[in-house]
Structure formats: C-alpha cells, structure tokens
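Number of protein chains: 2
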Amino acid sequence: MAHGVTNQPATEIKEPALGHKLALSEPLVLQSGATIESASVAYQTYGTLNTTASNCILVCHALTGDQYVAGMHPTTGKPGWWDGLVGAGKVIDTNRFFVVCANVLGGCMGSTGPKETNPATGQSWGLTFPVITIRDMVQAQVKLIDYLGVDKVFCVVGGSMGAMQVLEWAHRYPHRVFSAVPIAGSYRHSAQNIAFHEVGRQAITADPDWSHGNYLEEKSTPKRGLAVARMAAHITYMSEKALHRKFGRRLQDRVTLTYGFDADFQVESYLRHQGYTFVDRFDANSYLYITRAMDYFDLAQENNGVLAAAFKDSPVRFCLISFSSDWLFPTSESRAIVRALNAVPAKVSFVEVESDKGHDAFLLDESEFHQTLQGFIEGAAAICGLAADRSAVTMSAERTDASGRADTFARPRLRIDLQQAADLVPSGSRVLDVGCGDGTLLAHLKDFKQVDGRGLELSMGKVRAAVSQGLPVIQGNLETDLSDYPVGAFDYVILSQTLQATHSPRKVMDEMLRVGQRAIVSFPNFGHWRVRLAVMYGGRMPTTPMLSDAWFNTPNIHLCTILDFIDLCREMQIRIEHGFALDALGRQRRFAATNTLANAFSEQALFVLTRV
Amino acid sequence: MAHGVTNQPATEIKEPALGHKLALSEPLVLQSGATIESASVAYQTYGTLNTTASNCILVCHALTGDQYVAGMHPTTGKPGWWDGLVGAGKVIDTNRFFVVCANVLGGCMGSTGPKETNPATGQSWGLTFPVITIRDMVQAQVKLIDYLGVDKVFCVVGGSMGAMQVLEWAHRYPHRVFSAVPIAGSYRHSAQNIAFHEVGRQAITADPDWSHGNYLEEKSTPKRGLAVARMAAHITYMSEKALHRKFGRRLQDRVTLTYGFDADFQVESYLRHQGYTFVDRFDANSYLYITRAMDYFDLAQENNGVLAAAFKDSPVRFCLISFSSDWLFPTSESRAIVRALNAVPAKVSFVEVESDKGHDAFLLDESEFHQTLQGFIEGAAAICGLAADRSAVTMSAERTDASGRADTFARPRLRIDLQQAADLVPSGSRVLDVGCGDGTLLAHLKDFKQVDGRGLELSMGKVRAAVSQGLPVIQGNLETDLSDYPVGAFDYVILSQTLQATHSPRKVMDEMLRVGQRAIVSFPNFGHWRVRLAVMYGGRMPTTPMLSDAWFNTPNIHLCTILDFIDLCREMQIRIEHGFALDALGRQRRFAATNTLANAFSEQALFVLTRV
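Sequence order for the protein chains is X and L. Residue 44 in the working numbering sits at position 44 of the first sequence, with consecutive numbering throughout. Every number in the working numbering is 1000 more than the matching position in the second sequence, counting from 1.
Everything labelled a hint here was simulated from the structure, so no lab data went into it. Hints are all accurate, no fakes.
Below, simulated BS3-like cross-link-like pairs (lysine-lysine); rule was C-alpha separation at most 25 Å, straight line:
1) X:K152 x X:K21
2) L:K1021 x L:K1078
3) X:K223 x L:K1223
4) L:K1152 x L:K1312
5) L:K1446 x L:K1347
6) L:K1241 x X:K241
None of these values were measured; they are calculated from a predicted model.
Excised from the complex, chain X in its bound form (with noise of 0.2 Å):
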C-alpha cells in the first residue's frame, strides 16, 4: 500500500480478516501531553490513488462507525456504513477516486484504544488508556496519509463526530486539504450533547460488571450499562416524526397491551433490541473515550472563542451540509460555522436538507443529500482537473473591451437584466449574489471577470445546481441570512428584480449595504404610465407584462415607484451612483433612472448604491 513515499516511519501490519492496519514507529504526543508510544490505526482502502496522489477522499466516521464505510462488514456481515455513498458509480466514485477511512483512534475495530493490548504492560489498556481528543484522531489520520504517498488529500467528509474530524482537518492542515464537507456536524459539543453522553457514561459506569473499566481484565462485560447508553442515543438520532412514523403507537406482536412491564410498544422492542446488538460490536470504554474525545471538542474556545479565527484565510473549499429534522446537531450549528467561515472569508457552500429522519439521515439514502454532495465533489473536481470531461463553459475564451466590460453579444444566454448587473461589476472583485438562482451571473461572473463570487438563494434545488458548478453558494434566505456575512465583505452585492417581494425593503436595502461597499438593485417601476392608466382607467390591481401575477397571488408585496425608491434612498442616506432606466427587457433607456422622465416611462429600473 505505500506509494512510492520515501522514509516511511511506518510499518503495515498484515490482518488479512480486519483489513490494512499501520504500526506507527514515532510516538503519539497527544493534545493532553501524554505520550502514546506505539499505536496502530486500522483502516481500509477503496478505489486507485492516481499517479499525481490528487484523487484522495478521506472519509472519518462517526461515534459508534468505523472503516468499513463501504461492502460488506467483516463481523457484523452487514454493508459498510456509507455502502449507499460510496463504491464504483457511486456518488463517491470508487472508480474514479482513492477512498480511505481509518478507525479512529480510541476505537475498537483495530486503531490503538482501551481494548487494545498494551505492549507495555502486556492487559488490555482499559481506564490506563489516555484521554484522547478530535486533534488527536485527525493526528493519527495525518500520519496514515503520509504513509499513503498523499500530500493533499482533495476531500476530506464526515458526518456527525465525523464532521468534527474534517472542521479539526481544515483548521490544522489547510493546505494538505483542497475541500471539507463537515456534515450534520457542530464546531463544538453543546451542553444538551454533552449531557446526553455524561447520560451514557454514567449508565455503563454504574454497571457493576463494568469492574471500574477493568472488565477485560475480569472477564465480563457491562453489557446492561452500555445497552442502556446506546438506548439513550439512539433516541437523539431520531427525530420524533421518525419515530413516529415509524412506530407511533403500534404494539409489538399482540393486540392488547399487556397491563405489563414487557415490551407493549414497538419502539421500546426496537430500543432494546439497539442497545443489546450494539454491546456485540462495541468496547464501553471506547464509548466512554470517544463520546468524552466529542466533549472536548470546541475550536472557538480553541481560538479564544473567535471560531472565524479557526479558519482565517483558509483556502480550504467548505461544503456544509445539515438536516432539518437533526435535533443533535441542528442546522443552527452548521450556521454558525458557515457564519464563521464568511467572516474570513472563505469559499463555502451550504445546504439544508429537508428531512423528517433526523440526525441518522446523513446515514441514509436521502437523494437530496446524496444529490447535493454529488454537485459539490463534481464542482471542486472540475477545479481539480479531476472530472471526466468540464462542458463547454471552460472552453469558451473570456472577451472584454478596453473598459474591463465584457462584450454582451457573445453569451446570449445570461437575461439581458443580469447582463446589465455583470457590466457593472469591475474585474477581479469580491461579489455576493443575492437570489443567486442556479448561478447564472456568479458563472458568468466568474469565468469573464475573475470575480471572487458567492450566492444567497433559498431554494435547495438552485442552490444544489449552483454548487455542481463548483460555485460557493449558501442555502437561506435573503431577510434573515444577510447578517451571517461581516461588514464589508464584498465590493458589490446584487439585488435583482427580488426587492419588492420582500416582507422588509428597507432592512434588505440596509443589510446589502452593510456587508457589501456598493448594492446593485433593480426592481419593476409601479410608477409607469401603463401601470397608472390601469389603476386610473381599470378600476383593478394593475396587470403589466412587468407585473404579470394577480392581486391574491402576486410574490410582489412591497411595490415602489423609481420616486419612491429614490425618496427612501435619501432618507436613509443612501448615494445613488448610477440609476438605469430600463424598458420591459432590461434594455437601458436613453435617460438616467433619476430624470424626470424615467418615473412615468420606463418599465424598470437599476441602481447602484453606496453609503454617504
């Protein structure tokens, strides 16, 4: 397995049934300071690393997983945890990338841990294993990569304690990773968390066979006390709606309840029947040192409580992705890291899957979710050169004139709106799209003008399209979102056609300029003649080829005039740079936004603004 790596301080272990393991020869100097001296991490291979070592997905597990992400499970018999993700065509495609996941250390499927044998002392390490912590894991991973011949991994993805493992990656080794795909994860362990695991813990240390960890040593297993941790986890994986319409109230194999203290209730037969497989495959003092590893995980406190300083001018391609049935780790966390990472800022995207099935949906066949890691792994391989074959848009030569504006007649396809917004923006800047859509314009943006682009858009399915382009844009939504970006952070922030169907004109209007130095907005004009003779003449809500939706179901529920616009601007002091007046197709008017005329005759209008 060495690929041609030099001075390998490392030696492979053949286990033929429990696949590759690596014998570490330097010692593990771990976050707490102990020292362990010789450990091993356990892992398994899929796929080919090419020639360049440019091809490697390192995927980490989660709490209770383990290196058997994808075929069939050597003890449990079962397929491997992500068997549906990866494997040949999949959407980590085996075939074309070079897939490596590692037992974590602190495991127990072969990584060095409490159950392991220790060398120097010849017992199982059990409670005399050090604490180990998410830095620690990500340490051991580092050095198996090494000893794989890889310098930048070109993905590292997890989900869950997983996700903690690739945020810990991104912080420490930003330049050994080329993209991070942190997924229903958090930047720390929150108190409802760590009181859940100090739960388990407690349940498998008042075990009297647990023999104060020693049961190694003494021959039994806390088998109760860890059942009944894994029963109360199990629980937070699923949401209520899961498990409701999954068992609501139906009975386990009889009619009538039983007036007993038997399983009535096919949720608790399905409880128990989770916690006593679980104690079969799993150490309880690998639960009690991986759950506390979760604990200690906190990369703001890390960087005195600033997360944004975890990250700062991080190169690193971000992908979040949460679920919005995870009560574990609720899509409020990945916010707060996707906040963060704008702060930088950094290049990230980030999706909400909708689902009912809770924090185990990151485990499941959700076609969303696959869907949206799919578009993400083909964007940043198309950046990689790793595609199989990048469509025209590459292929098509940037044009501009002497200006630094782009020739509007070679790309007929972007709406001539758009085009008038893509004119005005300088080469090279730092733009945010609001309602960015598919990513039509940040593409354009991109490939003509150097632009450093990112998108706000809130539906999924846009966002999800936007980000196979291998562009960075954020699920959410343009009233509320806006604030997860610092001031400043873009030169300009477009605004297209969307300001009158917001609940908040002018808190829109306050954000854009806010976080951006310039605010291109543009919006239809109620002050147009067509407009007035319909509300004088017709006697109903006006219906225009600029406002086509009736009264009842008009997404129009702000309308101005340009006078108005242009009112509001002054009050809230407001420099109009530029006004376009435009007709029905977005073509500029002979007159500016702000003559006299452009009220009463042009269908449109666009402006770009910036503060007094």
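Given the coordinates of chain X, work out where chain L should sit on it, guided by the hints.
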C-alpha cells in the same frame, strides 16, 4: 375534613407529618381488570370550601411531583412545586378557592403504590402491585372529591402528566368539571416519549440492586439505575437553549480540562446532582409504574382513533397552554387537542407561551404563563359567579329592535366597522371572529346577541385579554390555523380589515367558507378615487387615510379594488349576499358595494359571502 356529606364510604387516616390520607372502603377496580382491595389516597388541601362547594380547584401533579403543591414540603424542606402559583393572593388564590391535590395512585408519597405495604401479605407491594393507568389515578381522585363533598369541580388543572389527568377528568366526568386546564400535555404519549421512558426503566431494572423489584424486602436501593433514569429524563425537561444559557460549556470548579472522566463541565455536575438527589425522594418502582401509566395513555385510541369523540358535546370550558421550547410535549400536541375540541365543538382557549425554558417552564415563574392562567380562571370564575366583582358588561341590558339588529348608538365603544359586522349577525349564531384582537366584538356579540362566539388571534397579549373576559379564544395564525376547524362549524366567520394583509387571500377566503356558512369580510378599497389620483398624478405609492403606511413597511401586501374582489368571488364561485360600500370611518354609503359607483367612491367595503 368531611364537608357535611353523608354516607361517606371512606375514612380519614391521621398522619400529621405527611398530611391527609383517605382510606377508600370500597375496592378500586382498575382499567386492567385487577382490583386493589383497600386503597388509600394521600392528599393536601389549601383554602376553604365555600357553602355551595363551588370553589374547588383540583390540581393534578406530574410524574415526579406530589400532593405538596404549596408551602413547605415535609421531606425535602423546599417550597411546594407550584408554590409560585398557589397561595393566598396568588394566581390560584387560596383566599377564594379550595385547592386540592392528591398523590397519584402508584405514587410514593402516601397513596397506595408499590412502596406501600400490601395488607394481604404484610410486605411491600413491589412488582406485585398491579399496573395502573391515568384513568385509575383519576378514579381515585373522584372518590376523594366525593369524600370532600364536592359535586362539581370548578377547575381541574395540571401540567405534563397532570394534563393527562385533566383530560381524563374532562373526558370521563364532563358534568363534574366546569373548566379544565391541561398545560404542556398531550392526549397520548408519543413514540419518542415512550422511548425515553423505556430507557429510564431499562436503567432501573439493569441495576442489580433493583433485585427484580424486591429491593425493599432485600434492603437494597437501585440508586445508580434510578439516578441514570432521572438524568436522562431531566435533559428532556429542559430546552437546548436553556441548557446552553444555564451551563454552556463552562467548567466546574476548574480552569482547564482534566482529560479524565470527572465532571469537567458544569452540565455534567448538575446532571449528576439531579440524579443522585432524586433517589433520596423517589421510589424506583413508583417510577416504573407511573411512567407506564403515561405510556398507556391514549384518549384517541380509546375512542376508535378519533380524539374528538372523547369530548363529544362536552360542556367543559377548556384552556390549553403550551410552551414554545417544550420538545417533550410540544405545542403540536396541544394543538391536536385544540383541533379535536374545535371539531366537537367545545369552548376552548389556547395560548402558546413564548419561553426558552422547555417543558420545565410549567413549574417556573413564567409571567406570561401565570397571567394566561389567571386570565382564564378569572374569566371562568366570573361566569360561575365566583369573581369578586363583575363590572359594567353584565349590567348593560340587551337592546335589539324588531329586526333583530342591535341599536348601534347605545354602545359607542365598538368601532363602526365592527358594529357593521355585529349588526349583520343574527342572535344566537355560532360565530368565529378571525383576528379577534382583545375580543371586543366577541364580548359585544355575547352580551347583546347571545352569540356562541370563538376567536382566533395571533397576539399572545390580546388572546390573554380576551380569555380574561371568559371568551374562548385560540392563539393562532389565520393563514394556517383555520384548518383546525371542521366544515360548517360556524354560521358566520368574520374577518375585519385583514384580508389585504394576508399572504394568501384566496386560501383564507376558501377556508372561511369551509368552516363557516357565511363569511363577513371587510377591506380597504384600492380603487377609491383618492388612491387612483395619487398613483396617476403623484408618481408615488399612494398614502391615504385608509392606507397610511409607507410602501416599504405597509402590512398591506395584497391590496385590491372592490372590482378585483368581486371578480375573485365570481371566479371562486362565491355568492355575494350583501356588499356594503363604506366611507373611511366605516359609515355606510347610500349605494351598495356592487354598484358601479362603489369602486371609485367608497374607501372600504364589507361583504357577506356564502358558497354558491
């Protein structure tokens, strides 16, 4: 404590240290079919029963509560669990009400339960105690109430498991309950809640000191198991936010992590404390039995899956209260009960209290909660003649002319447009006032037209104000919550000056005419000449006396003209029974709203609609 009732089949047992205890002389036949030959009910009372025995408030306690509602608890030395609510001059005022609370059957504070001695064997019941249900608990309370000489309880109130007892009372003894207040409860225990209970039971029964339930005889105590059960449960009583606010990731009596399994974090220390103090005051077997009783509770299943059937023709006045951050008994559970009660239809008020304190909020001094409860109790007391004073409202005589229309000039306080609506409603109608505010119109309709009125209102403060007048008002959003009402539940559904502020006016109208025979809708007319001229010649969005907000912050997001509205009615196959053209003050014009003059010359309009 006997209140002049003869033939009492029960005797009071004197146990001064532990309060009152009633020995039932008749056997208790349980829901399971089992019988307890000689059961006892331990209870406390506060205040004095009045001569008509009409001032009794029965308080039902939760899983780990007991009969010591107020004052000092005899064993813990702490204030009773609702000491903030119950007492002289408090929300449940013991100067005016006779408050009763009984330890539940199966409990461990004196009522018959697994900890007590089985007279037949002379040993503690332990697991030979029969499994009991919420119905059994309530049955025992009924015998207590009989003994106390109370025929009809003024109010049954309780939170969590207490709410289940309240619902059981209202379901099974509707004529012995005037009002019922289920707080933070449900009509059935959810799959997730059964799962959490099962974890607790597994933790207890996994403890070897539990001795198969025989620990009292074996002189052992399953402390560790019960503590783990309590810890797991305790997490569910708090919200993630409350845990974060209270503890966050703060360390306990140390400045750095210890890299060990001590309670490094405050939240761990707190949980351990909660667990290990609980075992001093609670019996492990009681925990098993009471959790089981909750799991078994399902009022819908008992009524062939139709919850509404449990409350058919119920004369009880209900007030449901939930807390926004309660995830153990979330608002959706209370809403399901509200929906069922609406379907009956019963008189129901509902408020979701904004709180970040989770399920525990019902035990805490949440002022919004206390004020809501106080409002409801005062409103109900006024109806029963229990209020200290009932002001002007009841003193004004009803005055209607021959046509059934009320004399508008006698009540100057009602807004003219509300008076317009009130005049259209025949006496004795069933009316839903959508967006009812503080209930002004409903109170008017009730006092002067004997209307059976209900209200729906978004603002918690206004709902509270309405509920305080004894009006059944539900906190909710008119765009989503009209679906809670069944087809044809009302003769009239009134929506005053709000249609234009909804997101889906069409859907709202559809819903109004689904739940009501007729709808009364009023709105400002965008077709008025003043509006038209402002648009035509002003070049700005119109502001008029009727439409006074600026374009960027107007709540009116779907304005229409009278003609637009008439068009929509035609399209929706809605028949206009009456259309009133009104001026800006709501005074009726000489022409109808369907007259050609109306669209240009009336500031607003009011329509009476019905389905074709």
